[in-house]
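Listed below, chain by chain, are the residues.
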Amino acid sequence: MNGPLHLDLLTQLLPEAVLVVTALIVLLLDVRAFRGESIAVRMSRAAWGSILGLVAALGVLRLEIASGDGPAATFLLQGPTQFLKGLVLLMALATVVFAIPGRFTRHVGEFFALVLLATTGLLLLAGTENLLMLFVSLELVGLSLYALTAFHDRRPESTEAALKYFLIGGVAAALTLFGMSLLYGLTGSLQLAVIGTRLAANPVSPLAWAAMVLVVAGLGFKIAVAPFHLWAPDAYQGAPTPAAALIATGSKVVGFLLLVRVVHIGFGSAAAGSAGALPWRPGWLPVLAILAAVSMLVGNLTALRQSDLRRLLAYSAVAQAGYGVLGVLDPAPESRAAVLYFAVTYALAVLGAFGVVALLESAGIEPTLDGVTGLAHRSPLVAGCLGIFVLSLAGIPPLAGFFGKFFVLLHAVDRGAALDRIWLVALALGTSAIGFYYYLQILKRSLIRPESGVAPALPLPLPVSPLNRAVLVMLAAGVLALGVAPKLLLEPLGASAAPPVTAAAP
Amino acid sequence: MIAWPLYLSLFGALAMTLVRRPDSPLPRRLALGISLAGLAAILVAVIRQPPGAEPVTLLRWDWIPSLGASIHLAADGLSATLVLLTAVASVAGVLFSWNVRERPREFFALYLLLIGAMHGVFLSWDLLLFFVFYELAIVPKYLLIAFWGSTRREYAAMKLALYSFLSSAAVLAGIVVLAAGNVPRSLDLSLLAQFPVADRVQAWAFPLLFAGFAVLAGLWPFHTWAPTGHVAAPTAASMLLAGVIMKLGAYGCLRIALPLMPEGARDWRFVFGVLSVIGILWGALVALRQRDFKFVIGYSSVSHMGFVLLGLAAATPLALSGAVLQMVSHGVIAGLLFGVVGRMVYDRTHTRDLNELPNFRLDRTLPGATWIFILAGFASMGLPGFSGFIAEVHVLLGTWPVSGRFVALAGVGILLGVAYTLRTIHQAFFAGDGIPADRMPPPLAPLTLPEKLGAALLIASTLALGLYPRVLLDWIQPVLAGPHFVGLRRSLGL
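Residue numbers (my numbering), protein chains in the order written: chain A, 1 to 506; chain B, 1 to 494.
Do not take every clue at face value.
Straight-line alpha carbon distances no greater than 25 Å define the calculated DMTMM-like cross-link-like pairs of lysine to aspartate or glutamate that follow [as the list claims (entries may be wrong)]: (1) B:Lys159 / B:Glu102; (2) B:Lys452 / B:Asp363; (3) A:Lys487 / B:Asp62; (4) B:Lys159 / B:Asp292; (5) B:Lys159 / A:Asp308; (6) A:Lys164 / A:Glu110; (7) A:Lys164 / A:Glu366; (8) B:Lys159 / A:Asp370; (9) B:Lys452 / B:Glu102.
Just so you have them, the derived chain B footprint on chain A, three or more residues with Cβ under 8 Å [said to hold, decoys possible]: (10) 116-124; (11) 305-311; (12) 486-494.
If you want a taste of the chain B side facing chain A, the calculated C-beta under 8 Å gives, among others [what the hints assert, rightly or not]: (13) Ile138; (14) Tyr142; (15) Leu172; (16) Ala179; (17) Ala180.
If you're looking for bench data, these hints aren't it; they were derived computationally from the structure.
Even for Gly, the Cβ is constructed at its ideal location relative to N, Cα and C.
With the hints as constraints, model all of the structure from the sequences given.
If you want it as structure tokens, here you go:
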């Protein structure tokens, strides 16, 4: 690389640069200037600093980049990628807002700096097709998130969860790296596109298959598909809720983006294999099909028995990851928009749900099914928003969650080319009935009139700051709007219109 | 104007949330106004332009271009018939829930949302939009039962919701097959009917789709949600459940499953015919043995919906028109029966036990309800002059060419229907004859005006349909002979 290119790079990566600078400033200010203040003041100042940084990053994020992709696909800058980066920034923004009323740590500056660094990593991750860059940003995200998980001062589970997350994450990273090194050895390239074409030139060798399985397993950890999900329930429950929200949303969306990119571009349709009728052929498809099936079953069945909302969301996340993976089974480029639509709308709903959990916690209510009881009488608005999030997760139209699920199911059968994979659709629909049951429990509890004995004496009504309320309402409106008009999200994510109808006599 | 009831109901549900004083009479007045306006709109619309074989597009917006889905509302004779039924049932439902005291604002908001969803199903001309409305109905009905219901309401509500969700999961699987495999890359119902999916796909996808819909229509052996749900639901909700929601399932079979997968329909007609006949007999036999007044009506609904399903399974044009007539007829009659049991009797006596009701001497203390129930019972038995008769005759005649045995067994079902209806009339209203005059129970509150109006509306509807079925048949039969059902007629060799 030479001089002018570096300048190019800086302009192209301006959002990431802004975030890093903000992280440093927040860290410094908190350590130096706000040292003597109370935690509440420090929280709100650091949060506002982070919000400013995130908004600035959004401001400098350009959707149209004239100069095209960065040097040798190290940094991708096409429309969908940039759009997705914007969404990740918005999610981080909501996370920061939810953190303001929290009183979980004395290390305020570090907390927000880590949130910003994790977001930086997510942005970098979203914008690369280079294995090296990919791994480095993956580690940046991972290390920030492990640390964030451990940030709760008063919960011993927090540390335990972080350790678990870190250990499993470390193994997953090692697997990914090993798989990547095999890929590099096989193809001699770090560029996914090049790897894809070179892999396609030969039938799938055992070594290539091993590489695929390893890489997919590592990415499966990121999106918490079973059996790589064991860290998720502990992390969701132990971590400070805003940190858990970031793990469940921004990290999840980018995880899906990565999975689609690596599998579709890096492995390509030539190496797909089969997951339906015999004869069986090795490839990434059977691996993903099995992961999806196991996740849907394990996630939904285990979620059924949870009473803690955060654990429930964690197991339901495992199930939802299973649905999402179904969309990846279709190697056609259109499926990418579908998977991303699913991931983004899922993330919006989960973000909202975590927002409600954070509100309950800051009001001193344990976020369990019992804690939600009577929410509608304490704050109709919050309960209404929670209802929308939960129903969207359950997949009730016209909310976005339904369309997300519908799109991925459509792609699970390859838009009709692989109807022998209908068993996956049937499994998804059958297990989503289980999901419907537990989501409906949350909705029902929130509407019940609180009786003496069921819920302890609680502040009535629930205190909600205007900013928090605005974010919740915006998320709920987003879930509704993206359901009523999926185009709004599908088109920026790169879905193309169906070819015009040619009605001829049959 | 046919779509106005849909817009009005959805608008009403929204407007209801703006009502500031939740305990005022405003919510029920608003709900009545909306329902009446909807009924007026559909009446004006069909008088101005009688619906015909061709769907008339009412609204069309691009929605999800990558799937070929659009927000497309259209109405032909079938849609208009069922929208009219829904509008009548919605007015009657509001009148019969005039006495809802607990959170009326939320009650009527959910009620109108449910009505809107049903109108939406009947008017959708796009597969995905159809399903959206179809599934939109689940949550309001769950909440209505779980929060305003009676006997074991939470259990019944959850059972109903899970049955609905699972059955719509089967439907969704069928829709995925239709949407994924279709040639024109469009979800327009007319185009989908023109380009059916491959025969071997239909062979396994048809039962998914048909059974998924038919569960909501009370298909044996998946009918058990219906009686428990009907019993637990508040009066208006059970009127709608039995009256209209069960028809959503039947309508799905008729509009989606049969015309879009005609080859599958031919292959599976016998299986579903058998299940329907079992449903007719089973529902009637169980109804004969019930002690709970509402359970009798609940199981009679299963039996009557069996006729609808039998007509759909037979799939000849005559049987299909009978099925549609029976949908309307049962919608009106079941609404009336549930209105009498839930509102007139139960709200006054607080019991539905057929062994306790004689103590109330309802024939003396509540003569109005007695008369109305006798009329409704006659209609339900299928006495000539009421709508049930003409509908069941159509179904039986239409099924004859398919299987004489089905017809004979269904005929037995009609006889059983007479038996349980007469037994119930006697037990509930007249069995207290032996009680001596000095031990007469205290008089009950007389029927209120809304109750009388609601009952009159429903009785008038069933009589009108029974005496002059031409009105509806002229809307229905051209559709069945029209382009949407070409593939079905061809596959059946008609």
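Results of checking the hints against the structure:
no.	hint	verdict
1	B:Lys159 / B:Glu102	holds (23 Å)
2	B:Lys452 / B:Asp363	holds (17 Å)
3	A:Lys487 / B:Asp62	holds (9 Å)
4	B:Lys159 / B:Asp292	holds (19 Å)
5	B:Lys159 / A:Asp308	holds (24 Å)
6	A:Lys164 / A:Glu110	holds (21 Å)
7	A:Lys164 / A:Glu366	holds (23 Å)
8	B:Lys159 / A:Asp370	holds (22 Å)
9	B:Lys452 / B:Glu102	holds (22 Å)
10	116-124	violated (count 0)
11	305-311	violated (count 0)
12	486-494	holds (count 3)
13	Ile138	holds (7 Å)
14	Tyr142	holds (7 Å)
15	Leu172	holds (6 Å)
16	Ala179	holds (6 Å)
17	Ala180	holds (4 Å)
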